[in-house]
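First to last, the sequence lines map onto chains H and P.
Position one of the first sequence corresponds to residue 1 (the numbering used here), numbered consecutively onward.
Position one of the second sequence corresponds to residue 1 (the numbering used here), numbered consecutively onward.
In short, the hints are calculated from the structure, not lab data.
One or more of the hints may lead you astray.
What the hints assert, rightly or not - Below, in silico cross-link-like pairs of lysine to aspartate or glutamate (EDC-like), each with a Cα-Cα straight-line distance of 20 Å or less: (1) H:118 / H:192; (2) H:36 / H:192; (3) H:118 / H:68; (4) H:118 / H:38; (5) H:66 / P:168; (6) P:41 / P:201; (7) P:41 / P:141; (8) H:134 / P:141; (9) H:158 / P:168; (10) H:158 / P:202; (11) H:193 / H:21; (12) P:41 / P:202.
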Amino acid sequence: MLIACHECDLIHRLGRLSPRDTARCSRCGAVLVRRKPDTIERCLAFTLAGLILFMVANIFPFLAFKMEFQVRQTTLLTGVVELYRQGFGGVAAVVLITTFLAPAVHLLAMLGLVVPIKMGFMPPWVPHILRLVKMTLPWSMMEIFMLGILVALVKLTKLARIEPGIAIFSFFGLICVMAALTAALDTHWIWEKWTTRRLPTR
Amino acid sequence: MSARLSGLLACHTCHLLCRRPAAGSRGLSCPRCGTALHGRKPNSIARTWAYIIAAFICYIPANILPITYISTMGHVQGDTIMSGVIYFLFTGTWPIALVIFVASVFVPLLKLIILIYLLISVQCRSTWRPRDRTRLYRITEAVGRWSMVDIFVITILVALVQMGNLADIHAGPAAPFFGAVVIITMLAALAFDPRLIWDSEES
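Just chain P, with the same shape it has in the complex (with noise of 0.2 Å):
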């Protein structure tokens, strides 16, 4: 049986489980830690829909303008994400392309349609695996964070490439979007109550 329909309260922070106030649990906090309590994160889905809206938003211009401009001897190039990936996969280092390509392309967009999944699932109270989408919950939770390592590329890059007129990477108006989207993704993750899926398992 769940804490929820036993009329217990579980805190987050150090899982001590509470008894439910036939109140309601509005302004509760732990008895033991402080951490406010609440039966599931408040306002999950609207919160989760609200981060992956403002996530597509941002994936847009994170893919179609520049993230670096090179310029070398006086010649300026700007790179997208993309060209950067196809500029790897041709020159032999295949490796570096797959690990941005992953990164950067790949795994923020699998996040936000697994969480849409997982969304669409909640509020169709679908019954159909639950502990398959739980596990899809967590991969999605584990992984969105490596995203960020494009972001460190160029601040590597940025740091040390000031060469003045024999080379110099400047950042491409698309990095804040990047990192928009990185962040935001995480946000959705950290949003999304895992404990939804369960809930019209018992209903």
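Bound conformation, chain H alone (with noise of 0.2 Å):
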């Protein structure tokens, strides 16, 4: 198999690749493919995973604030809410997709695509769906999201006293599934199974 890579552009052919192999630029070190054993498989647990962990962490509370008698409880969603209130709505916008609808769209794509592999069939939808993980992928912040809280934490001690919520646990649990969902998914593995429109039986 012929392949450029594509960040140097240069071509290189390919043998056959065992499970957990990576093939990388002879001449600029970028990865060309690297295999992922049980791909489907893999990628369906961390997607239920994900969704379920995603819900948890955005009806619960991720910080209580506690201040003479006053209580204050926060959900990822009325900081936006707070946010687009002060008249700051593009501000709002970009924390509501970089937290909420990227990670959401990603894993509702995932789940698009995992779950009629692993029943048998190829969707005609496949390629839509992969370029779209491709392209929300650098906006989905989550992980940056939770440096913030801890920053926030940090920030707000000496002003009173914070309490972290379920949501907190079920966030970092969410952004070590999401790590995990795209380190197990092998595009080049579906890419050749929707050239060939089989799939293997095993």
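Build the complex: two chains, separate frames, hints provided.
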């Protein structure tokens, strides 16, 4: 199989790769292909876990702020609403996209990709989903939001008592699951199967 | 040999190699996945320059204007990004000062400088250490999104600290500019085509 490096355009002839093999560009060192074993099964597991954690992370408050008998709890979306109320619609939209919409679209797209393949057929929307996932990836910033929570925690400890809620733990789990999901997706394998339109009998 | 010199086009999305027709590659799409095919990202250099200039313009108000207003007991205080860093530096939590300084001031500037260097080196057809320059590009691409952390901190502060007269935090006019810097520098990195670095090597 011939493949061009996406970073320096050098053409390589790839032999057969065994599971977990990585092919790197001989000129610039970029990863050409990384084989990931059981990609469909693992992606399905991470997608389902991700969806559950995503719901918990967004329904329950992730921080509670206590100051002189007043308690204020916050979910991810209260911050977005508050920014919008203060007249920062653009900033609110950016936060909404990067911490809510992009991860949600990513998880739902993966569900629509992996479930049919697991059940044994190649749906016609596979190319659109793979393109969508590739597009949403750089804009999904949950792990950065987690760092933001930590910084905010330290900033506020002098001002009042801060208590972490359940959502903060599911948030942390979600970050790990999303990273694992990205690492488990073997797009090259799916494109090959898409070309032959046949699933391996395993 | 590169795909460009062998008359081939690689699809950005599915990596399929296609033969480039003699009539040129305008308006072609990938036969496997339907993505528009280009030999190189279209107008990569001009678009990256445009994003860099726009980011520099936004970088100034993002750093001069206050990014949060904190009011406690009727006393309102505006904080810029730098004054926040200095505050944390002198109140003992220097790791936080470091995180904010690196993510909000240092990384966006470093990213812009690296991209400017890469653009100039490509435009001068430099053949100096292309492998390291590709690595520089990879770093800018990976690290840029972390600048968003300050926007998230503001979001959380604004959501939590709404205690009326006791304590109140509002976002400041620098926030949209700062968000714009982060997004525009990310778009700049996406607009730059690292394969241009290797093109001068071959010609």
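Worksheet item: Does residue 193 (chain H) pair with residue 21 (chain H) here, judged by a C-alpha cut-off of 20 Å?
Response: 18 Å, holds
Fill in: Given hint residue 168 (chain P) paired with residue 66 (chain H) - CA-CA distance at most 20 Å
13 Å, holds
Practice prompt. For the pair we were handed, residue 41 (chain P) and residue 202 (chain P), check the Cα-Cα distance against 20 Å.
Written response: 18 Å, holds
Discussion item. Check whether the Cα positions of residue 41 (chain P) and residue 201 (chain P) lie no farther apart than 20 Å.
Written reply: Within the cut-off at roughly 18 Å; holds.
Worksheet item: Within a Cα-Cα threshold of 20 Å, do residue 134 (chain H) and residue 141 (chain P) meet the stated pairing?
Response: Cα-Cα ~14 Å, so holds.
Worksheet entry | Pair hint residue 158 (chain H) and residue 168 (chain P), alpha-carbon separation not exceeding 20 Å | 14 Å, holds
Worksheet item: Does residue 141 (chain P) lie within 20 Å of residue 41 (chain P) when you go C-alpha to C-alpha?
Response: 16 Å, holds
Item to complete: Could you grab the alpha-carbon distance between residue 36 (chain H) and residue 192 (chain H) and see if it respects the 20 Å cut-off?
Response: Given pair residue 36 (chain H), residue 192 (chain H) holds - Cα atoms ~14 Å apart, limit 20 Å.
Worksheet item: Given the proposed pairing of residue 118 (chain H) with residue 192 (chain H), does the C-alpha separation stay at or below 20 Å?
Response: Given pair residue 118 (chain H), residue 192 (chain H) holds - Cα atoms ~16 Å apart, limit 20 Å.
Item to complete: Would you check the hint for residue 158 (chain H) and residue 202 (chain P), treating anything up to 20 Å between C-alpha atoms as holding?
Response: The hint is violated at about 59 Å.
Discussion item. So if I understand the rule, the pair passes when the alpha-carbon distance is 20 Å or less; does residue 118 (chain H) with residue 38 (chain H) pass?
Written reply: 11 Å, holds
Worksheet item: Straight-line Cα separation of residue 118 (chain H) and residue 68 (chain H) no greater than 20 Å?
Response: Given pair residue 118 (chain H), residue 68 (chain H) is violated - Cα atoms ~54 Å apart, limit 20 Å.
The structure does not agree with the numbered hints 3, 10 stated previously, though it agrees with the rest.
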